Amino acid sequence: MTGIEFLASFLTTGELHGLRIGSALAEVDRALRHPFVDVPGEEGAWLRRDYGLVEFAFNPEPNPGPGPGSEWVVATVTVQLHRLASDDDLVRPWARSTGVGFPRYTSWEELRDALSRTHGVPELKVTDQGGFLQYRAASSHVSVIVVDDRDEERGDRVGDGDVWSLDLWLPFQVG
Numbered sequence: 044m045t046g047i048e049f050l051a052s053f054l055t056t057g058e059l060h061g062l063r064i065g066s067a068l069a070e071v072d073r074a075l076r077h078p079f080v081d082v083p084g085e086e087g088a089w090l091r092r093d094y095g096l097v098e099f100a101f102n103p104e105p106n107p108g109p110g111p112g113s114e115w116v117v118a119t120v121t122v123q124l125h126r127l128a129s130d131d132d133l134v135r136p137w138a139r140s141t142g143v144g145f146p147r148y149t150s151w152e153e154l155r156d157a158l159s160r161t162h163g164v165p166e167l168k169v170t171d172q173g174g175f176l177q178y179r180a181a182s183s184h185v186s187v188i189v190v191d192d193r194d195e196e197r198g199d200r201v202g203d204g205d206v207w208s209l210d211l212w213l214p215f216q217v218g
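In case it helps, my numbering puts the sequence shown at residues 44 to 218.
These are calculated hints, taken from the structure and not from any lab test.
Keep in mind the model is a prediction, meaning the values are calculated, not measured.
Be a bit skeptical, because a hint or two may be false.
[What the hints assert, rightly or not] DEER-style ranges, computed between Cβ atoms:
#, residue 1, residue 2, range
1, GLY61, TRP212, 14 to 20 Å
2, ASP156, TRP212, 32 to 38 Å
3, LYS168, ASP192, 16 to 22 Å
4, PRO103, PRO146, 24 to 30 Å
5, THR161, GLY87, 22 to 28 Å
6, SER113, ARG63, 30 to 36 Å
7, GLU195, ASP156, 29 to 35 Å
8, THR170, ALA74, 17 to 23 Å
9, SER159, GLU104, 36 to 42 Å
10, ARG139, GLY198, 24 to 30 Å
11, GLY87, GLY174, 32 to 38 Å
12, GLU58, ASP203, 40 to 46 Å
13, THR45, ASP199, 20 to 26 Å
14, GLY198, GLN172, 17 to 23 Å
Using N, Cα and C, we set each Cβ at its ideal position, and we do this for glycine too.
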């Protein structure tokens, strides 16, 4: 699968390799066979797992079944595309372990073109984030962050019009 196809699917469905908000840490372990670094929060308040290209944040959720404690569940997922511009070593291992290959840069134009050929694409609300544009899909809970600065050129960093990241976020719940 190409990186563009992967990103279009993620934006449309809010799922990354079958993982979504609320997926348990054990499900992430089964879905991704890739090296990672865990960064625990103070007093077990949260856990961040960094796979290099993709980063998960977990919150503890009380265990509904018998037994003590809680389990870690996915709260957010970020695809850190901007990291590819300066680190060629992220691409090959990720492609080997997941079957998804990415180019060094991904432009919003390329992703938008892929979305035009994808079924079920959610409506995107655009907001200016000061040097970035955020394209937010409320139905899938995924945002695309795009560099919006004519002075930014491609090199060891992504340039104007390139996708910085895609973020899957926990919907706000009143209650």
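Now for the hints, and whether the structure bears them out:
no.: 1; hint: GLY61 / TRP212: 14 to 20 Å; result: holds, 18 Å
no.: 2; hint: ASP156 / TRP212: 32 to 38 Å; result: violated, 25 Å
no.: 3; hint: LYS168 / ASP192: 16 to 22 Å; result: holds, 21 Å
no.: 4; hint: PRO103 / PRO146: 24 to 30 Å; result: violated, 37 Å
no.: 5; hint: THR161 / GLY87: 22 to 28 Å; result: violated, 39 Å
no.: 6; hint: SER113 / ARG63: 30 to 36 Å; result: violated, 19 Å
no.: 7; hint: GLU195 / ASP156: 29 to 35 Å; result: violated, 21 Å
no.: 8; hint: THR170 / ALA74: 17 to 23 Å; result: violated, 31 Å
no.: 9; hint: SER159 / GLU104: 36 to 42 Å; result: holds, 37 Å
no.: 10; hint: ARG139 / GLY198: 24 to 30 Å; result: holds, 26 Å
no.: 11; hint: GLY87 / GLY174: 32 to 38 Å; result: holds, 35 Å
no.: 12; hint: GLU58 / ASP203: 40 to 46 Å; result: violated, 30 Å
no.: 13; hint: THR45 / ASP199: 20 to 26 Å; result: holds, 23 Å
no.: 14; hint: GLY198 / GLN172: 17 to 23 Å; result: holds, 22 Å
Checked against the numbered hints above, the structure breaks hints 2, 4, 5, 6, 7, 8 and 12 and satisfies the rest.
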